Structures are given as structure tokens and as C-alpha cells.
Amino acid sequence: MKNDITRPRFEFYGKGMPGVDLSELQGRLIVIEGPDGVGRSTQVAMLKPWLESNGHAVLDTGMTRSALAGKGIKQAKQGFTLAPVSLTLFYATDFADRLENQMIPALRAGFIVLTDRYIYSLIARAIVRGMDRDWIKSAYGLALKPDAVFYLRPNVTDLIPRVLAKPVGFDYWESGMDMHLGIDRFDSFVEYQTRMLAVFDSMVEEYGFDVIDASQQIDPIYRALQRRIGRLLRGA
Amino acid sequence: MQMFGDHKFPGKLFIVEGIDGSGKSTQLSLLQQWLRREGYMVFFSEWNSSPLVKETTRRGKRKQMLTPTTFSLIHATDLADRIERHILPPLKAGAIVLADRYIYTAFARDVTRGVSPDWVRELYRFAVKPTIAFYFRVPLEVSLKRILGARAGLKYYEAGLDIGLTADVEESFKLFQGMISDMYEEMVNEFGLTVIDATRSIEEQQDEVRALVEREIADVPKSPVTYMEFEED
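If you're matching them up, the sequences are chains A and B in order. Counted the way the working numbering counts, the first sequence spans residues 1 to 236. Counted the way the working numbering counts, the second sequence spans residues 1001 to 1233.
So that you can see chain B by itself, here it is in the shape it has in the complex:
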């Protein structure tokens, strides 16, 4: 079995992490548009999006059947499917792969739910090591204001109601997010996450992200795809 710790593929993998409301997806989307415009092959992959596994995850969530262990395993299945199907082949082809959330999301959430930190780290050993793992650091109050202002209802697992901290949905969400935030902080040194101060303006953050990415992609070939415009419309 190939473990892709430090891969030797011509492509690059950039991933974003952070608690809900940290603005990471916005930043990744802006990065993607810039890289495309610069003429790179770009492939985007999102957490929990493998079509085959998603149906099982959705049923498990809707019926509240997931335990910490099966929650962890089903998300590992999802990432494995995406790595084997959507991440490795583009990396081999010399593309830039962008992932919204990665193994660190699993480590933070699963360990918060009581899963063994060693077990879950070993479980994800099949994963490709990212070229840069960006961690968008934001104070809890800021992210909560963004999230709770914008959304109608928090979902059961999203709010961490399954771990039974409190029956109040919003209170549970705040506690759960706080615990996940602590987990991210602990992982900064362990995994060498690149911290981005996500309290600054969107433009300032994007400038920093682009500068860091630019340094890593000097050798990546550009392959402008002219018909892309038609496909996207």
C-alpha cells in the first residue's frame, strides 16, 4: 500500500482548515480563480463530497445513527475515495489540487467526540501530505457572529449535539466549536499548519495566501484550457 506522506508527484496540494465561519472557503475560491486565470490546471475537492459515500453519511446523519467511531470511519471512507479518484490522478497529471477541509478537520472533530487521537491519525495515514495546509485562525466570538447571524438552523452533528454537552442547540454549537478551535491550536505545531490571521480583510488574507502559494508553484507547468470558458457557462 502506498502511503503518500511526502509525495513526489509533479502537482501540488493546497488545503484550507479552520472552524466554521473562519472564511476559509471564500479564500480558497478566490485562490482557485486566480490560479485558473494564471493558466494552471486546477482541481477542487470538498470535504464529504464523494457521491457514493455521501448517501450513507446523509442517512446516518438524518437518522442520527452515527457514533463517534462510525462518524470518523465514514469520513475517512469519503476522503479515501476522493484521494484515489480526485486528488491523486490530478497530482500525477501536474495539476494544482485545492481541498476545502482535510485530515485536520477529522482529527479535530473526531478527537473532540472522544475518538483516540493516535487511532484516527493512523487511520488517515493513506492521505497525501499537503504542500501547504492553511489554518484560518479566528477568535470564536467572531466566527460565531458570522455563522449564527447567517444561518437559520444548526444541524444535529454540526452543533455537536451527539456528544451531549447541553440540549440547547446554540449553546452546544458554541461549546463544540470552542473545543474544535482548541484542537486546531494544538495541531499548529504538530503538523506545521500555516496560520493565516483571519480577522484581517479578505483582500489582505488573499494577498498573503497567493504569495505563499506562488513560492511553491514555480515548477508547475501552465496549461491554459481555452474551452474552459464555454464549459463553465
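One chain only, chain A, in its complex shape:
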């Protein structure tokens, strides 16, 4: 399959989007997924210089950083004013903008795109908030299928010390406070993240996640990612 030049390396999950010629896309799309506080950004920050030192050009990207919608979403979250369907679609707008304006151009140029979260976190947030699975899946049919999705899988109890290590502590959104699940942020966080993990787990097979045990320390997780990414890049 590696030498099959007639078939594009990439494909869309569903209907895709206009204006993208899949045959132009080179590069690699690698996703690090997992819940809040699992250490995704720490891993991305370590993987990027490692890949670069091995001669790969790397674009690292994350959620709500799009030029178009990033600012609007931050404002919306500040005021807690968006209802679930609109917030879900605002995230989708942000994602599409980053896919079209950051990830796809980088793939065209042969970069490794290393993304901290992809559609799966957004789908999980939507499902946990009662959105219809088929509906959200169809909406994200605009996304490219990545080369690999590494799912950092912790236990909820592993997340708590990491969350408390940050100055904000239990963040309003990471605790799912908009869902009124518990009397305080701790109760709500535990219930919300438990539900999020259950949805992530339910996506493992459907989306072919490569599961990495994230109850381990940073180093063993990093080495597991290095081994898998190394294998991917060698085409093994």
C-alpha cells in the first residue's frame, strides 16, 4: 500500500469538506487524546523537540486556538452563556478553521502534525451533554482520519493531583459545572470525568484508538509514545 500512488494517503471520516485535494496531502497526522489533566500537553511538548531533532518538521496544535473562533469561544465560556448545541457547533467551527488553515496546509507541506486533542474530545463533550451520537458523528465527518490516535487512559483518581497542581484547581468547565452534576466542583469533576472516560472508552474500537495506560508516570508514557511513533514513521 505504501507504493500505491493512485490512492491518497488520507481520507475523510464522512462527507469531508470542499476545497481540499486529498492527493496533495503528504505528512502525518498524529493525535494525542485523553481527558483534562491527563498530561497530553506535557507529552506534546516533549515529543515535538524529539521529532525535530530527528529531522521532522512538526506543527503542534490544540483546541480553541483558531484565528477565527478561538476568541469567541473563550468569551462565550467566560460568560457561561452558550447552550449545549450552540457550544458544540462553535467548537466544530473552531476545529474546522484549524483543520483547514493549520493542519491541512502543514500536511500539504509534508509536516508531522501533532495535535493535542482532535475531534474525539469534542465528540465526547457533546455526547456527555446529551447530543445525539449520529448527529455529532456526521458533523465531524468533515475531519481527516489521522495516522494514529494515542488515547492516554487514566483512572479518574489519577487526574485529581494533576488538576490540583495547577493554580486554578478544579476549573469550571473541566468539572462539567454547566451540567449541575454535583454540589461542588470536586463532586462534579469526579462525576463528569467518569462520564467522559466512559464515552472515550466507547470510542476505542470505532475510531481505532491506541490505548496507553496513563496512570503511569510521565516518563513511561513518553517512552511508550516514542516507540509507537517511531514505528509509525518507519512504516512498520
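It is worth saying that the hints were derived from the structure and are not from the lab. Because the structure is a prediction, the values reported are computed rather than measured. Hints are supplied without guarantee of correctness; some may be wrong.
[Claimed, not checked] Straight-line C-alpha distance at most 25 angstroms; calculated DSS-like pairs for lysine-lysine:
1) A:K137 <-> B:K1129
2) B:K1145 <-> B:K1174
3) A:K74 <-> B:K1174
4) B:K1061 <-> A:K71
5) A:K71 <-> B:K1054
6) B:K1061 <-> A:K74
7) A:K15 <-> A:K137
8) B:K1054 <-> A:K74
9) A:K48 <-> A:K145
10) B:K1061 <-> A:K77
11) A:K48 <-> A:K166
12) B:K1061 <-> B:K1174
13) B:K1145 <-> B:K1063
14) A:K71 <-> B:K1063
15) B:K1129 <-> B:K1054
16) B:K1155 <-> A:K77
17) B:K1155 <-> B:K1129
18) A:K71 <-> B:K1155
19) A:K77 <-> B:K1063
We have chain A; now place chain B onto it with these hints.
This is chain B only, laid out in the frame that chain A set:
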């Protein structure tokens, strides 16, 4: 997730569609005044007006950052916000909700821009099905004469310049409007749009619209709001 295909709320939703210059907004405004005078609770919602999303849309348009996909998604975000905030609660309260443009505007524009028709229809599945969707049908030449006579400058996305049909603004607008008009025609049967012949006089059209609306609102309770007059002044 609740999909509001055929809603069971006590209120009613009437929406108007049509190309720019079809006179739909004039008709909706006349309908609104009549319903108010008759003593109904009336709530009006306009396309692309959610305060929170509008700022993003405005920036995207001004800087020409919007692709067909993000153009589609940001307008879906806007409608979702308005439905959750401005359309559903009044419908539950038994009000008559009037919307200037609705999902059919998105289908027509987005598909013209190359977005998948199936994808965009599925995207808007959260929307409440209107009691009546009026489509103001007007020949392209008539609407163009109304629009191009009245306006100073056409905007980039409004003229469909983003799809690169031609660099000439007015020519692009004409082509784009023609394509959108074709899309509306295709949707008449698909969605059971109620066609209003918009070449007739404003009064004739309004009479027909009121007669059609009247048949649907027999069960809607009237709740005259006496202090309304002061608020509006």
C-alpha cells in the same frame, strides 16, 4: 438530544425565505404588526443575529477568513444559539415566533459554495420544524433591480466572491443569486415550502400570508400586553 422535527409546543413558528430583494422581510414585518394588533405574543428572530456568535462571524467576513465549511458551521452555531435562547422558550410559552431566514438559507448558500447537501441537512437536524415556511418567489431580474438600485456596495460574501466565479462584483452577485434561486426551487418540494408569488403587490401578498397564518393559529392563546406601547416608544 432533542430533535425538534415536528414540535409539540403550543406556539407556532413562521419563517420567510427567498433571495435578496424578494421582499420577504417587508412581508414578515407587516405580519408581525398584524399579529401584535390581534393580541398575540409575538417574538421575532433574525438570521445571523446571536450577539455572541455575530462578533466571530463579523471578523471572519471582514478578514475574509471564512471557507465554505466554516461559513456553514458559524451560521449553524448562530441558529443553534437563537433556537435554544430565543425560539424554543417562546414556543413553549405559546408565542408566535417569526424568523427572517431559516435553515433553507443555509442549505441554499452552503450547497452553492460546495458543501455536501447531505452533511449540511444533517447538521441542522437540531432545528425546529416551522409551522409554515414561506418562500417568496421572484424572477432574478426583478430582485436584482430592487437590490442593485438601492445599495451602494455589495459585500464580499454576499456577492459570492469567495467562490471565485468572476472578479466583477456585480456579475458575481448576479450569478450567485441565480444559483441560490435554483437551490430554492429545488427545495420547494423537498421541504414543502409555501410559495408566495412575490411579483404581486405588497398588499396582495400580505393578504395571502395572513390568510394562511390565520388558519394555523386558531388554538394559540391571545395575551394582549398593554404596556407594550410604552416599551416600544
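Hint check:
1. A:K137 <-> B:K1129: holds, 22 angstroms
2. B:K1145 <-> B:K1174: holds, 10 angstroms
3. A:K74 <-> B:K1174: violated, 38 angstroms
4. B:K1061 <-> A:K71: holds, 15 angstroms
5. A:K71 <-> B:K1054: holds, 12 angstroms
6. B:K1061 <-> A:K74: Holds - the C-alpha atoms of A:K74 and B:K1061 are around 19 angstroms apart, at most 25 angstroms.
7. A:K15 <-> A:K137: holds, 11 angstroms
8. B:K1054 <-> A:K74: Distance ~14 angstroms between B:K1054 and A:K74 Cα, so the pair holds.
9. A:K48 <-> A:K145: holds, 21 angstroms
10. B:K1061 <-> A:K77: Holds. B:K1061 to A:K77 sits at ~23 angstroms (cutoff 25 angstroms).
11. A:K48 <-> A:K166: Status holds; Cα separation ~23 angstroms.
12. B:K1061 <-> B:K1174: holds, 20 angstroms
13. B:K1145 <-> B:K1063: This hinted pair is violated, its Cα atoms lying about 29 angstroms apart.
14. A:K71 <-> B:K1063: Since the Cα atoms of A:K71 and B:K1063 sit roughly 15 angstroms apart, the hinted pair holds (cutoff 25 angstroms).
15. B:K1129 <-> B:K1054: holds, 23 angstroms
16. B:K1155 <-> A:K77: violated, 31 angstroms
17. B:K1155 <-> B:K1129: violated, 31 angstroms
18. A:K71 <-> B:K1155: holds, 24 angstroms
19. A:K77 <-> B:K1063: holds, 24 angstroms
In this structure, the hints that do not hold are numbers 3, 13, 16 and 17, in rising order.
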